Each structure stands twice: as C-alpha cells, then as structure tokens.
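2 protein chains.
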Amino acid sequence: MTIKISIDCMGGDHGPSVTVAAAISFLKREPNAELILVGFEDVIRAELKKHKAGDHPRVTVLHATEMVTMDDPVEIALRRKKDSSMRVAIQLVKDGQAQACVSAGNTGALMAISRYLLKTMQGVDRPAICSIFPNQKDGPTYMLDLGANVDCEPQHLHQFAIMGSALVSAMEGKPRPTIGLLNVGAEDIKGNDIVKATAELLRADSARGLLNFYGNVEGNDIFLGTTDIVVCDGFVGNVALKCAEGLGRFVKSVLTIEFKSSPLNMLGALIARGALKAITRRLNPSRYNGANLLGLRGLVFKSHGSADAYAYEWAIRRAYGAVQLDVLARISASMAELMPTPEAHSTSEHSSLITEQGEQKTA
Amino acid sequence: MTIKISIDCMGGDHGPSVTVAAAISFLKREPNAELILVGFEDVIRAELKKHKAGDHPRVTVLHATEMVTMDDPVEIALRRKKDSSMRVAIQLVKDGQAQACVSAGNTGALMAISRYLLKTMQGVDRPAICSIFPNQKDGPTYMLDLGANVDCEPQHLHQFAIMGSALVSAMEGKPRPTIGLLNVGAEDIKGNDIVKATAELLRADSARGLLNFYGNVEGNDIFLGTTDIVVCDGFVGNVALKCAEGLGRFVKSVLTIEFKSSPLNMLGALIARGALKAITRRLNPSRYNGANLLGLRGLVFKSHGSADAYAYEWAIRRAYGAVQLDVLARISASMAELMPTPEAHSTSEHSSLITEQGEQKTA
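Protein chains in written order, with our numbering: chain A, 1 to 363; chain B, 1 to 363.
Because the hints were derived from the structure by calculation, they are not lab data.
Predicted, not measured: the structure shown is a model, and the values here were computed from it.
Positions of the beta carbon are idealized from the N, C-alpha and C atoms, including for glycine.
Be careful, since some hints might not be right.
[Claimed, not checked] Over the 10 angstroms line for every Cβ pair with chain A, so calculated as not near, a few chain B residues:
1) 3
2) 42
3) 57
4) 261
[Unchecked claim] Among the chain A residues that face chain B by a calculated CB cut under 8 angstroms, a handful are:
5) 184
6) 236
7) 241
8) 245
9) 253
10) 267
11) 278
12) 279
Make a model of the complete structure from these sequences and hints.
Structure representation (structure tokens):
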C-alpha cells in the first residue's frame with residue numbers, strides 16, 4: 001500500500017537543501033512511499049534537479065507562497081501566513097491527501113497550526129510532543145511532553161501517559177509498556193502536588209489493568225531504560241531533552257579533542273576506529289530525530305530545526321513507520337477506552353475551539 | 001590558619017569505610033585542616049586504624065549514638081534522632097567548633113536539620129542546593145536549586161540568583177558572574193509565569209548594576225558554559241542533574257562495551273590510553289561531587305550518597321575551599337545588600353520559625 005507524506009520543505013535552519021536531499025534519500029529506501037514537497041516551487045525543483053530527481057515519479061511538488069520563520073510569533077504564523085508551506089503541508093493531512101506531515105519549522109507554530117487545522121482527539125485536552133532517547137538496554141525510551149505545555153495539570157499528564165502507552169504499544173509491539181512518572185525521587189511522597197495527583201490517577205488505571213504504571217522515575221532512569229515511557233510536563237521535558245543534547249555535544253567535543261591531542265592517541269583512534277564508529281552511531285542524536293505531535297486527529301512529526309539531511313530522513317522514517325503501524329487509530333482507540341466519556345467530550349470540544357487567535361500556550 | 005570541618009561519618013551508602021578513608025586522604029593534601037569525625041566511635045576508630053591513622057593529630061572523633069538512614073522521613077530525622085551523627089556534625093558548625101560540615105546522608109533530612117539548627121540567612125526564604133557541572137569552556141557551571149524546593153515562587157528564584165552570584169564571585173574570583181535563568185527557549189516570551197516574573201526581578205537588578213543577568217538559557221547551555229550560574233527550581237534542577245548523571249553513565253557504558261568488543265579495538269584503546277584517561281577524568285562525575293546548601297547561617301555540604309572515597313574527598317575539598325574563601329560572609333553581605341530590608345527581615349524571621357515538626361518542603 002502506498003503511503004503519502006507531506007514535507008514542509010521550507011522549515012528548519014537549512015530549508016530545501018536539507019529537506020529535499022532527505023526526501024530523495026528516503027524514497028530510495030522506501031519503494032512504497034510517495035512524498036508531497038511543499039514550499040517555494042522553483043527552489044524545490046532546483047534542489048530536485050541537483051539530486052537528478054527532477055521528474056521523480058513518487059514526488060509531487062506543491063507551491064506555497066509563504067514560509068514560517070523560526071522567529072515568527074505563533075499568532076503571525078497562524079493568522080497571517082495562511083499560505084505558508086507549514087500550513088499547506090498540514091492541510092494535506094487534514095484533507096486526507098497525505099497520511100502524515102513532517103516539518104523542521106518553529107515548534108510553537110507547528111503545534112498551533114496543527115491543532116487549529118486537525119483538532120485534538122476525543123479525550124485529549126492538550127497535544128504533547130513525544131520523542132525517543134537512547135538507553136542502556138539498547139532500546140528507546142519514549143518521553144513526553146518535551147515542550148508543548150509548560151504548565152500541566154494532573155489530567156494532562158494522565159492523558160500523556162495514555163497516549164504514550166498507545167504509541168509505544170504500536171511502535172514497539174509491546175502490549176503493556178511500562179510508564180514512569182518523572183519526579184525528584186522514587187518514593188511516593190516525593191515531588192510537588194501535581195506529580196502526586198498524577199500518580200494517583202495512574203495508579204488507579206493500573207489497578208484496573210488499563211495502564212502499566214511503574215511509579216516515579218528520576219532523570220537517570222531515562223537512560224537506564226527503567227520504563228518504556230517517561231511522562232513529565234513540557235518545561236521539565238524540554239530542559240531534560242536539551243540537557244541531554246548539550247551533554248552529548250560536550251562528550252563528543254571531549255572525545256574529539258583528546259583523541260587528536262597527540263600522534264599516539266590518533267594512532268589508537270585509527271586502530272579502534274570500529275569502536276569509535278559504533279560509539280558515534282549509538283550516541284548520534286540524529287538517529288533519534290523526529291518528534292511526534294501526539295493527540296491530534298492527524299500525524300505530524302517535528303524534526304530538529306538544525307537537522308542535517310541524515311537526521312531529517314530519520315524524522316520522515318519515523319512518520320512513515322507511524323502510518324504503517326496505524327498509530328493514529330490506536331491512540332484514538334486508547335483515549336476512547338480510558339478517558340471517561342462525558343468529560344472527554346466536553347474537554348475535547350472545548351479544546352477544539354482554538355481559534356486563529358493562537359491563544360494556545362506553547363513553548 | 002587552621003580550618004576545622006565536621007564529617008557526618010555515618011551518612012551515605014557506604015558510611016565510615018568511605019568517609020574515613022576520604023578524610024585521611026584529604027588531611028594528607030591539606031596540612032592546615034583539622035577534621036572532626038562524627039558517628040559510632042568504635043566503627044570510626046577501627047577505620048582509622050585500617051588507615052594507620054589511629055592517633056592522627058588533626059583528627060577528633062566525636063561519638064554519636066544514632067544515625068539518619070536514607071529512608072528516614074524528615075520528621076523522624078529531625079524530631080526523634082537528636083543524637084544522630086548528622087545532627088551532631090551540624091551542631092558543631094552552629095557552636096563554632098567547625099567552620100563547615102560535610103554529609104552524604106539523606107538530603108531532605110540534611111536540609112531540614114541544617115535549617116532548624118543553623119537558621120536561614122537574613123533575606124533568604126528558602127535555602128537551595130547548588131553544585132557544579134562541567135562545561136565546554138573547561139570551567140564549572142554553577143546550578144541551583146538542585147532539589148531542595150520542588151515548588152518555587154519568583155522571589156525564591158531571585159534569591160537563588162543572588163546567592164549563586166555571591167558564591168561564584170567568591171569561589172571563582174569573578175566579580176560579576178553571569179546569571180542564566182533556565183527556560184524552554186531564549187526569548188523573553190518563553191516559559192511559564194513564574195519564570196517570566198523571575199526574569200523581571202533579575203532584569204531590574206541587572207539594570208541597577210547589582211547583578212549580571214544574561215537572560216534565559218536552555219538545558220544545553222549548562223554544558224556550553226553560556227553563563228556562570230544557571231538558576232531553576234528544585235524539581236527541574238534535580239531532573240537535569242540526574243539526567244546528566246544518567247547520560248554520563250550511559251556514555252561510559254557505551255565506551256567500555258565498544259572498546260572491549262574486539263582485540264583490535266582493545267589494542268587501539270591501549271595505545272590511546274592517554275586520551276581515554278583524560279576523557280574519563282573530564283567526564284568523571286566524582287570530580288563534581290559536593291553540593292553547597294546555600295542560604296543557611298553556616299556552611300553545609302552534601303556529598304552524593306553513593307560517593308566513593310575519591311568523590312567524597314572532593315566534597316570535603318569543596319567545603320574547605322568555601323571556608324578559605326569566606327563564602328558565608330560574602331553571601332550574607334550580598335543578601336543584605338540586594339534584598340529590601342523590611343521584607344527581608346520579615347521573611348527571614350518567618351523562615352527561621354521552622355520547628356522540629358519538619359514542615360519544610362524538601363525533595
């Protein structure tokens with residue numbers, strides 16, 4: 001079955017030079033994929049030609065007259081730029097012409113436009129950003145929210161847990177993935193009131209066999225792989241994500257400096273280049289690129305703004321995998337099952353009332 | 001001039017086998033230091049004998065009949081165990097018999113007992129935990145709070161910034177250290193209401209030349225060394241700290257596995273052992289052990305509970321350095337200068353009213 005994905009080619013620090021290159025490379029890997037490249041048509045076509053893909057049979061180019069910049073306030077992106085590549089790419093998902101959308105653009109704008117066009121799922125008050133971290137078990141730790149919601153109430157964190165559980169169940173084939181609640185200690189008495197109240201909700205679901213709540217986890221558990229999913233508010237999650245990125249770069253710089261510090265060290269590095277290659281591969285943040293905007297009635301993936309073509313291709317691959325594994329329907333089914341229907345209806349309706357005023361709080 | 005430090009020998013995962021070994025090693029390094037070893041006298045004396053230091057002229061052993069365990073609730077540690085090694089060690093600071101105290105015990109108990117016995121400084125509502133992170137500039141980034149306060153108001157974060165600034169000024173000899181406010185983005189509009197209100201307070205101080213406020217920083221800035229100080233609430237700080245520890249261990253495990261994965265890689269590692277040693281040294285979390293409990297009328301340092309003797313010695317060294325550099329007086333002077341006196345008086349008096357009920361919120 002053909003899977004169609006729309007690409008916001010103008011998004012990110014590098015625009016089409018990265019997004020088009022990644023798209024072409026991705027198409028070589030996935031013979032059943034089709035891509036709709038959205039943005040300034042002439043720029044995109046020039047890039048396609050560079051890659052000898054000017055008439056690629058599985059590429060459609062869709063012109064958009066505007067682009068959302070990294071500095072654009074959410075309101076401008078949402079209200080003023082109605083023909084931005086970002087918005088057009090998301091609209092394709094809304095219209096059923098694409099099954100997922102990928103963008104490396106401004107996160108706040110991407111979330112606001114996605115929410116405005118696609119609406120939230122039944123039972124979801126606020127969508128969340130979910131991505132994976134590597135762990136010592138050589139598997140992924142899924143973590144959310146990574147920055148969409150800087151203030152969360154217990155019911156939001158509760159919803160994140162349900163969505164994360166359905167996502168991991170679909171993506172990893174684990175029927176009962178474990179959920180950890182990020183806290184400052186493992187004991188139940190630790191943390192602030194919001195985290196404690198969230199734990200109550202999760203424990204109740206767990207007792208009824210609806211979720212597999214492990215309990216509180218700490219920052220180090222993300223990398224230990226203690227649980228499949230780590231739930232937190234967007235402020236904490238964003239700090240943890242960037243902290244990990246920063247420390248990763250720091251480690252890389254230390255490795256580079258020290259292995260180049262003398263001819264002997266360089267020789268050692270040359271001989272052990274297999275190990276260094278494996279280390280670089282396992283620690284390479286590019287492989288973890290591609291965050292899922294969860295809780296929308298459509299699949300939207302966010303690439304890191306500074307992604308290169310290799311990293312951006314990972315984001316497309318992640319979107320493709322989510323379509324293949326029917327993630328949207330599975331999360332939707334989980335929300336319908338686990339969220340009490342009357343409240344779910346009212347909050348969902350309420351949250352769908354987002355207007356082009358862009359009043360949503362995003363990081 | 002002789003500097004006396006009290007050591008809670010029973011604290012931490014390993015107790016006297018680590019704390020006494022570290023004490024003896026430290027005394028070799030610092031000929032002007034004297035240590036008061038507090039805890040179960042027979043156990044401490046046995047450890048001293050092991051290190052051929054049974055009659056060390058600069059060691060005093062002070063018997064305490066109880067110890068605070070890692071699981072002890074704060075109330076038990078504070079109200080029931082009045083002859084714990086932790087409490088006796090802090091009391092020595094209170095009585096002027098030691099100029100600083102080091103403990104690897106239960107953080108919540110250490111903070112509560114310290115606060116009860118020593119009281120908070122004028123102008124400080126809540127003490128904070130401050131420690132250092134390595135950065136790409138090969139210097140330390142000071143970060144607070146790392147877990148004492150899981151909920152903070154803007155005035156608390158403001159006080160952390162003032163205390164951190166005075167600490168760095170004293171410890172690093174920087175007259176105007178830069179202060180970053182941890183947030184989910186660099187722009188002023190980012191973050192939650194508490195962070196935004198804190199930025200207002202810091203900008204006002206900066207405009208008056210009282211503090212050197214850089215602005216918002218993100219998680220990666222900790223390791224870039226963008227600012228000398230990073231201010232955040234204890235929940236976020238604790239997650240960031242443990243996240244860094246966890247990722248550090250993950251990297252170490254990946255390095256070990258890959259360099260041992262084949263004879264060729266092992267040979268390369270042997271040849272480049274100088275580089276690997278330097279890498280291990282720079283990334284070794286033991287070198288960053290020893291967190292400062294800031295805002296008390298006395299110096300208290302917290303070692304990681306799982307510290308080995310090498311790491312614990314670093315905590316003692318940090319305490320010793322703080323005494324040498326007169327950190328307490330300098331922070332006290334900064335608080336008096338920067339905190340408006342009438343409010344400072346009232347809040348300080350209020351916060352000193354902590355009772356043995358242990359009602360303080362600690363992580």
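Hint check results:
1. 3: holds, 33 angstroms
2. 42: The claim stands: residue 42(B) keeps its Cβ more than 10 angstroms from every Cβ of chain A (closest is about 32 angstroms).
3. 57: With a cut-off of 10 angstroms, residue 57(B) remains clear of chain A, as the shortest Cβ separation is near 41 angstroms.
4. 261: Answer for residue 261(B): violated, closest chain A Cβ roughly 6 angstroms.
5. 184: holds, 4 angstroms
6. 236: Holds: closest Cβ of chain B sits about 5 angstroms from residue 236(A), inside 8 angstroms.
7. 241: Holds - the Cβ of residue 241(A) comes within 8 angstroms of chain B, reaching about 7 angstroms at its closest.
8. 245: Residue 245(A) check passes; min Cβ-Cβ to chain B is 5 angstroms, inside 8 angstroms.
9. 253: With a minimum Cβ separation of about 6 angstroms from chain B (threshold 8 angstroms), the hint on residue 253(A) holds.
10. 267: Residue 267(A) check passes; min Cβ-Cβ to chain B is 6 angstroms, inside 8 angstroms.
11. 278: Holds. Min distance 5 angstroms.
12. 279: holds, 5 angstroms
Checked against the numbered hints given earlier, this structure breaks only hint 4.
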